[in-house]
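Novice: If you're matching them up, the sequences are chains A and B in order. Counting in my numbering, the first sequence runs from 1 upward without gaps. Counting in my numbering, the second sequence runs from 120 upward without gaps.
Don't read these hints as lab results, they were simulated from the structure. Where hints are given, some of them may not hold.
To list a few chain A residues with every Cβ distance to chain B over 12 Å, as calculated [unchecked claim]:
1) I12
2) Q17
3) V19
4) L119
Derived pair list, reagent style SDA-like, types lysine to any residue, alpha-carbon separation capped at 20 Å [unchecked claim]:
5) A:K57 with B:A215
6) B:K122 with B:R196
7) A:K71 with A:K14
8) B:K214 with A:E44
9) B:K122 with B:S147
10) A:K57 with B:D211
11) A:K14 with A:E78
12) B:K214 with A:L55
13) B:K214 with A:R59
Stretches of chain B that chain A covers, calculated by requiring three or more beta carbons in the stretch to come under 8 Å of a beta carbon on chain A [to be verified]:
14) 126-134
15) 162-170
Note that the structure is predicted; figures quoted are calculated from it, not measured. By construction, the Cβ of each residue, glycine as well, lies at the ideal position given by its N, Cα and C atoms.
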Amino acid sequence: DTGVSQNPRHKITKRGQNVTFRCDPISEHNRLYWYRQTLGQGPEFLTYFQNEAQLEKSRLLSDRFSAERPKGSFSTLEIQRTEQGDSAMYLCASSSGTTGLGGTKNIQYFGAGTRLSVL
Amino acid sequence: DAKTTQPNSMESNEEEPVHLPCNHSTISGTDYIHWYLQLPSQGPEYVIHGLTSNVNNRMASLAIAEDRKSSTLILHRATLRDAAVYYCILRDPFKAAGNKLTFGGGTRVLVKP
Numbered sequence: 001d002t003g004v005s006q007n008p009r010h011k012i013t014k015r016g017q018n019v020t021f022r023c024d025p026i027s028e029h030n031r032l033y034w035y036r037q038t039l040g041q042g043p044e045f046l047t048y049f050q051n052e053a054q055l056e057k058s059r060l061l062s063d064r065f066s067a068e069r070p071k072g073s074f075s076t077l078e079i080q081r082t083e084q085g086d087s088a089m090y091l092c093a094s095s096s097g098t099t100g101l102g103g104t105k106n107i108q109y110f111g112a113g114t115r116l117s118v119l
Numbered sequence: 120d121a122k123t124t125q126p127n128s129m130e131s132n133e134e135e136p137v138h139l140p141c142n143h144s145t146i147s148g149t150d151y152i153h154w155y156l157q158l159p160s161q162g163p164e165y166v167i168h169g170l171t172s173n174v175n176n177r178m179a180s181l182a183i184a185e186d187r188k189s190s191t192l193i194l195h196r197a198t199l200r201d202a203a204v205y206y207c208i209l210r211d212p213f214k215a216a217g218n219k220l221t222f223g224g225g226t227r228v229l230v231k232p
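Isolated chain A, as found in the complex (with noise of 0.2 Å):
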């Protein structure tokens, strides 16, 4: 298992357009996170899965954004009706995770994530 890998590296799309974004994490990890990232600032948190159970949301996950991990596994972060402000690189990442003293290290391990443009 090469890490966490993500598809599209980069995806264009015009405003009005769904699109779905995949996410491979590393293949033992039981979370799953998605983040947002704009240009020059740091990463935003969207949503977070243990196994396939979507555990927290983040206000900026607007009624457009739909995330699912089915069986555990993989991921899919779909967009609907894309809008300009949409455009962003969207991070996946994963971790063995744990709670409490188990937890305390909890690394997270990234994708290179996939870069949207909304023309």
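Starting from the known structure of chain A, arrange chain B on it as the hints suggest.
Specialist: Frame of chain A, contents of chain B only:
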């Protein structure tokens, strides 16, 4: 949530040490201090983390103030490959909020040959 404050940018000469400060005056007792770096066009990458004691690994050292209100990431000998944005992040593994990373603006490190 406790926040961190970092300088926007720092410059260093190649092969010299780099000291990256981070202020976190509202840190709680169970917040761990994590550092990630991000190279251009890449996702963030874990560097190091600590709670109270100074920490060393093959990438860097983390010096934590006695009152834990500040910390410093130390790159011992900067190389051109160390040019990146470095993020200081607080995580509480005992709280649900600790499941995600909250990034600030980070410090952009420029390394001059």
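Novice: Check each numbered hint from earlier against the structure, then list the numbers of those it violates in ascending order.
Specialist: 6, 7 and 14
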